[in-house]
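Student: Protein chains in written order, with our numbering: chain A, 1 to 284; chain B, 1 to 284; chain C, 1 to 284; chain D, 1 to 284.
Because the hints were derived from the structure by calculation, they are not lab data.
Owing to the predicted nature of the structure, the values given are computational and were not obtained by experimental measurement.
Hints are not guaranteed to be accurate.
What the hints assert, rightly or not - Distance condition first, Cα-Cα at most 20 Å in a straight line; then the derived EDC-like pairs of lysine to aspartate or glutamate: (1) D/K208 to A/D199; (2) A/K23 to A/E8; (3) B/K23 to B/E8; (4) D/K23 to D/E8; (5) C/K208 to D/D199; (6) C/K23 to C/E8.
Protein chains: 4
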Amino acid sequence: MQSQSWRERLYTIIFFTNTPAGKRFDTWLLIVIMASLVVVMFDSITGYRERHGMLLTGLEWGFTAIFAIEYALRIYCHPQPSRYIFSFYGLIDLLSILPAFLALLLPDAQYLLVVRSIRMLRIFRVLKLTPYLSQANYLLVALRGSKQKIIVFLLSLTTLVLIYGTLMYVIEGPANGFTSIPMSIYWAVVTLTTVGFGDIVPHTALGKSVATAVMITGYSIIAVPTGIFTAELANAMRADSLQHKCPGCAKLSHEPNAAFCSRCGSQLFERRNEQEQAQREASD
Amino acid sequence: MQSQSWRERLYTIIFFTNTPAGKRFDTWLLIVIMASLVVVMFDSITGYRERHGMLLTGLEWGFTAIFAIEYALRIYCHPQPSRYIFSFYGLIDLLSILPAFLALLLPDAQYLLVVRSIRMLRIFRVLKLTPYLSQANYLLVALRGSKQKIIVFLLSLTTLVLIYGTLMYVIEGPANGFTSIPMSIYWAVVTLTTVGFGDIVPHTALGKSVATAVMITGYSIIAVPTGIFTAELANAMRADSLQHKCPGCAKLSHEPNAAFCSRCGSQLFERRNEQEQAQREASD
Amino acid sequence: MQSQSWRERLYTIIFFTNTPAGKRFDTWLLIVIMASLVVVMFDSITGYRERHGMLLTGLEWGFTAIFAIEYALRIYCHPQPSRYIFSFYGLIDLLSILPAFLALLLPDAQYLLVVRSIRMLRIFRVLKLTPYLSQANYLLVALRGSKQKIIVFLLSLTTLVLIYGTLMYVIEGPANGFTSIPMSIYWAVVTLTTVGFGDIVPHTALGKSVATAVMITGYSIIAVPTGIFTAELANAMRADSLQHKCPGCAKLSHEPNAAFCSRCGSQLFERRNEQEQAQREASD
Amino acid sequence: MQSQSWRERLYTIIFFTNTPAGKRFDTWLLIVIMASLVVVMFDSITGYRERHGMLLTGLEWGFTAIFAIEYALRIYCHPQPSRYIFSFYGLIDLLSILPAFLALLLPDAQYLLVVRSIRMLRIFRVLKLTPYLSQANYLLVALRGSKQKIIVFLLSLTTLVLIYGTLMYVIEGPANGFTSIPMSIYWAVVTLTTVGFGDIVPHTALGKSVATAVMITGYSIIAVPTGIFTAELANAMRADSLQHKCPGCAKLSHEPNAAFCSRCGSQLFERRNEQEQAQREASD
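Between the sequences and the hints, there should be enough to build the whole structure, so can you do that?
Tutor: This is how it looks when you write it as C-alpha cells:
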C-alpha cells in the first residue's frame with residue numbers, strides 16, 4: 001500500500017504540473033536541460049575543451065546520469081510503461097541519453113546530445129499551459145489545412161530548381177565554379193531562397209541573365225507559401241458559422257450574419273421590440 | 001477485333017490510373033524517371049564520369065530507349081494521336097527524348113535531359129488525385145486573379161531596377177566593380193531581391209547610401225506580391241458558395257445548399273413543379 | 001482653318017490611343033524608347049564603346065533628336081501647353097532629353113538618359129487600358145491606406161538600425177571592419193533586410209550574438225509591412241457595405257449582410273414569397 | 001504666486017504640444033537631437049576625429065549640457081517629479097545624458113549617446129498627433145494578439161537552429177570553418193533567416209544537402225510570422241465595431257452607430273426616457 005501510494009505520488013509529480021511539487025520538478029528539469037546544453041556547446045569550443053576537458057566530460061556524464069535516472073523513474077511510476085516508452089516524449093527522453101553511450105564508440109556522437117533541446121518544449125507545461133497550447137493549435141490547424149497546397153508548391157519548386165540548376169551548369173560550366181549538376185542545384189536553392197552566400201556566382205552575361213530570372217522568381221513566389229498559410233490561419237481564426245437552432249427546421253449551422261434560415265426560410269430570431277411597440281402604440 | 005481490344009486495354013493502362021494495372025504502370029514510370037535524373041546528375045560529376053563513363057552513358061541510352069518506346073506506344077494506342085502529340089504532356093514527353101539525340105552533335109545537350117523532371121508532375125496522378133488537383137486549382141485561380149496586379153508590380157520593379165542600376169554605375173563606376181550599366185542592373189536585382197551575393201559591393205559613401213535605399217525598398221515591397229496573392233487566395237477560398245441573385249434583395253452569394261435567402265428570407269428558386277403551376281394559373 | 005484641324009488631328013494622335021493612328025504612334029514610341037535604352041546600356045560597356053563609339057554616340061543623338069521633336073510637337077498641339085509642360089508626363093518627357101545636352105559638360109550625365117525608362121509606363125496605354133489601371137488603383141488605395149502605419153514602421157526601423165549599428169561599432173570596432181558608426185549602420189541595414197553581402201561580418205563572439213539578434217529581428221518584422229499591406233488590400237478589394245435605401249429612414253449604407261436597418265429597425269427587403277404562399281394556401 | 005504660474009507655463013510648454021510655444025519647443029528639441037546624433041556619427045569616422053576632434057568634443061559636451069538642463073527643467077516643473085523620472089520617457093531622457101559622463105572613464109561609452117535616437121519618437125507629437133497614434137495602436141493590438149503565437153514560433157525556431165547547427169558541426173567540422181557548436185548555430189541563424197553572409201559555407205556534399213534543407217525551411221516558415229501578424233492585424237482593423245449583445249439573437253458585433261440589430265431587427269438598447277417608462281408602467 002505504502003509503496004503503491006508513493007509511486008502514485010511520484011507519477012503526479014513527474015508527469016503533471018498542476019501541483020506545486022510537479023511545477024517545481026518541471027522547472028528544475030528545464031534548468032538541468034539548459035545547463036547540459038551549455039556544457040555540450042562549451043565542449044565543442046577547442047579552447048575550452050583543451051583547458052577544462054576533464055571537467056566538461058565529468059559534467060556531461062553527470063547530466064546523462066540524471067536523465068537516465070529520470071527516464072528509469074518515469075518508466076517505473078507510469079501506470080502503463082509501454083505507452084510512455086513509445087510516446088513522442090518517451091522517445092525523445094530516450095534519445096537524450098543514448099548519444100552519450102554512443103560516444104564511447106564514435107567520439108563525435110556526443111554532440112548529438114543537443115537533441116535534448118527538443119525536451120525544452122516542456123517549457124509550455126511550466127508556463128501557463130492552456131492559452132499557449134490553444135494558440136499552437138490554431139497554427140497546427142492552419143498548417144494541416146495548407147498541407148496539400150504546400151506539397152503542390154514544394155513539388156513545383158523542386159522542378160524549378162532542377163531545371164534552373166542544370167541550365168546554369170550548361171551555361172556557366174565547371175570553369176566558373178558550377179562543377180556539377182548537384183552543385184548547380186545547390187546554387188539554385190541558395191539563390192531562389194534569397195540566401196545568396198556568394199561562394200558560387202555567375203560570371204558570363206547569359207549566366208547573369210538566368211540568375212536574374214532565378215532571383216525574381218524566388219522573390220515573387222515567397223508570396224505563395226505566405227498567402228497559403230495566411231489565408232488558412234485567417235480561416236481557422238474566424239468563427240466560421242452561426243450556431244443557432246432554426247425554429248422551423250432545426251438546422252443548426254448558418255451563415256455568420258443570417259437573419260433567415262437558408263433551408264426553410266424561417267426567421268431565425270424574433271424581434272424583441274414588436275410586443276413593446278404594440279403596447280406603446282396602444283398606450284398613445 | 002483482338003488487336004483493337006488489346007490497343008484499347010493498353011490505352012487504359014497508359015493514360016489512366018484508375019485500374020490497378022494503370023496505377024502500377026504510372027508508379028514504375030515515376031521510378032524510371034527519377035532513376036534517369038539521378039544518372040544525368042552523376043554523369044555531370046567529373047569523378048564519376050571518369051571512372052564509370054561507359055556505364056553511365058549506357059544507362060542513359062537505356063532510359064532514352066525506354067522513353068522512346070513509351071512515346072511510340074502512347075501515339076499508337078491513343079484514339080486521336082495528333083491530339084496527344086500537341087498536348088502539354090505530349091510535348092514534354094517528346095522533349096524528354098530529343099536531347100539524347102541532340103547530344104550526338106552538341107555534347108552538353110545531354111544535360112537538358114533534366115527536362116524529364118517536368119514529367120514528375122505525373123506524381124499527382126499516382127497520389128490520391130482529386131484533393132491535390134482541387135488545391136492546385138485554388139492556387140491557379142488566385143494566380144490568374146492577381147495576374148494584372150502582378151504585371152503592374154513587375155513593370156514598376158523593372159523601372160526601379162533600371163534607374164537604381166544606372167545611378168550606381170554613375171556613382172561607383174568601373175573602378176569599384178560596377179563595370180557597365182547591365183552589370184549595375186544585375187547588382188540592383190541581387191540587392192533588391194535581398195539575395196546579396198556580395199561579389200559586387202558599393203565602396204563610396206554615396207554608393208552605400210543609395211544601396212541602403214535599394215535594400216529598404218526591396219525589403220518593403222516584398223509586401224506587395226504577398227499582399228496581392230494572399231488577398232486573391234482568400235477570395236478564391238471564400239468563393240465556395242452558391243452564386244445566385246436573390247429575387248428579393250439581390251444578394252449574390254449564398255450557402256452552398258441554400259433554398260432561401262439568409263438576408264431577406266425570399267425563396268431563391270421558383271418551384272418548377274408543373275402541376276402546381278397549372279393549379280395556380282387555374283386559380284388566377 | 002486647315003492648319004487648326006491638322007493641329008487637332010495631331011493632338012488626338014499624340015495624346016490619345018483610341019484611334020488606330022494614335023495606337024500606332026504610341027507603339028512606335030515605346031519601341032524607340034526601348035531602343036534608346038539599349039543603346040545607352042551598350043555605350044556603358046567598355047568593349048562596345050571602344051569598338052563602336054562613333055555609331056553609339058550617333059544613335060544616341062538621333063534618339064535625342066526624335067524625342068526633342070516629339071516634345072516640341074506635344075507643346076505645339078496641346079490646347080493648353082503650360083498644363084502639359086508642368087504635368088507629370090511633361091516633366092518626364094523633358095527629363096528624357098536634358099541629360100544628352102548636360103553630357104556636353106559632364107561626360108557621365110548621358111547615362112541619366114535611363115530616366116527614359118519611366119516613359120515606358122505609357123505601355124499601360126497601349127495594352128488594354130482599363131483593367132490594368134483599375135488594378136493599379138486597388139494597389140494605390142491599399143498603399144494610401146497603409147501610409148501612416150508604414151511611416152510608424154519605418155521610424156521604428158530607423159531607431160532600431162541606429163542603435164544596432166552603434167552597438168556593433170562599440171563591440172567590434174575598426175579592427176573588424178566596422179570602421180565608423182555610419183559604416184556600422186550600413187551593415188545593420190544590410191543584415192536587417194536579410195540582404196547579407198558579407199563584405200563586413202562580425203568576428204567576436206559578442207558581435208555574433210548581437211548579429212543573431214539583428215537577423216532574427218529582421219526576419220520577424222518583415223511580417224509587419226506585409227501584414228499592413230495585405231490587410232489594407234483585402235479591405236480595398238472587399239465590397240465594404242451593402243448599398244440599399246432603407247424603406248423606413250432612407251439610410252443608404254448597411255452592414256454587408258444586414259436584413260434590418262441598424263438605425264430604424266425596418267426590414268430592408270420584402271420577402272418575395274409571402275404573397276405567393278398566401279395565394280397557394282388559398283388555392284389549396 | 002508669480003513663480004508658481006511661471007512653473008505651470010513651463011510645464012505646458014515642455015510637456016504638451018497643443019500651444020504654439022509647446023510646438024516650437026518640441027520642434028527645436030527634435031532638431032537638436034538630430035544634430036547631436038550627426039555629431040556622434042562624425043566623431044566615429046577616423047578622418048574627421050583627427051582633423052576636427054576638439055570641435056566635435058566641444059559640440060558633444062554642448063549638446064549634453066542642453067539635454068542636462070532640459071532634464072533638470074522637466075523635473076523642476078512637473079507636478080509629480082517622481083512620476084516623470086520613472087516613466088518610459090523620463091528614463092530615456094536620463095539615458096541620453098549619462099553616456100557622456102561615463103565616457104570620462106570608458107572612452108567608447110560616448111557612442112552610446114546614440115540612445116538619443118529613441119527620443120526622436122517624440123516626432124509623433126510634432127506631426128499631427130492622433131491619426132499616427134491610432135495607427136500605431138492597431139499595430140500594437142495586433143502584436144499583443146499575436147504574442148503567444150510568436151513565442152511558440154520563436155521557441156520552435158530556437159530548437160530547429162540548435163539541431164541544425166549541431167548537425168552541421170558534426171558533418172562539416174572545424175576544417176571547413178564550423179569551428180564550434182555556437183559558431184555553427186550562428187551559421188544556422190545566418191542561413192535560416194536568408195541573410196547568407198557567405199563567411200562560412202558548407203564544403204562537403206552532405207553538408208550542402210543539410211544546408212539546402214535549412215534554406216528551404218527558412219524560406220517556407222517566414223510564412224508563419226507573416227501569417228500570424230496579418231491575420232491579427234486584419235482582426236484588429238475589423239474590430240472598429242460596436243460590441244453589444246443583441247437582446248434578440250445574441251449577435252455581438254454591430255455597426256458603430258447601430259440602434260437596431262441588422263440580423264433580427266431587435267432594438268439594441270432600451271429607451272431610458274423616464275416619462276415613457278412611467279407611462280408604460282401605468283398602462284400595464
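Student: Look at each hint and say if it fits the structure.
Tutor: Comparing the hints with the structure gives:
1. For the hint pairing D/K208 with A/D199, the CA-to-CA distance comes to about 12 Å; that is within 20 Å, so the pair holds.
2. A C-alpha spacing of about 16 Å is found between A/K23 and A/E8, which places the hinted pair at or below 20 Å, so the restraint holds.
3. This hinted pair checks out: B/K23 and B/E8 have alpha carbons roughly 16 Å apart, not beyond 20 Å.
4. For the proposed pair D/K23 and D/E8, the alpha carbon gap of about 16 Å is at most 20 Å, so the pair holds.
5. At roughly 12 Å between alpha-carbon atoms, C/K208 and D/D199 fall within 20 Å of each other, so this suggested pair holds.
6. Restraint check for C/K23 and C/E8: the C-alpha separation of about 16 Å stays at or below 20 Å, so the hint holds.
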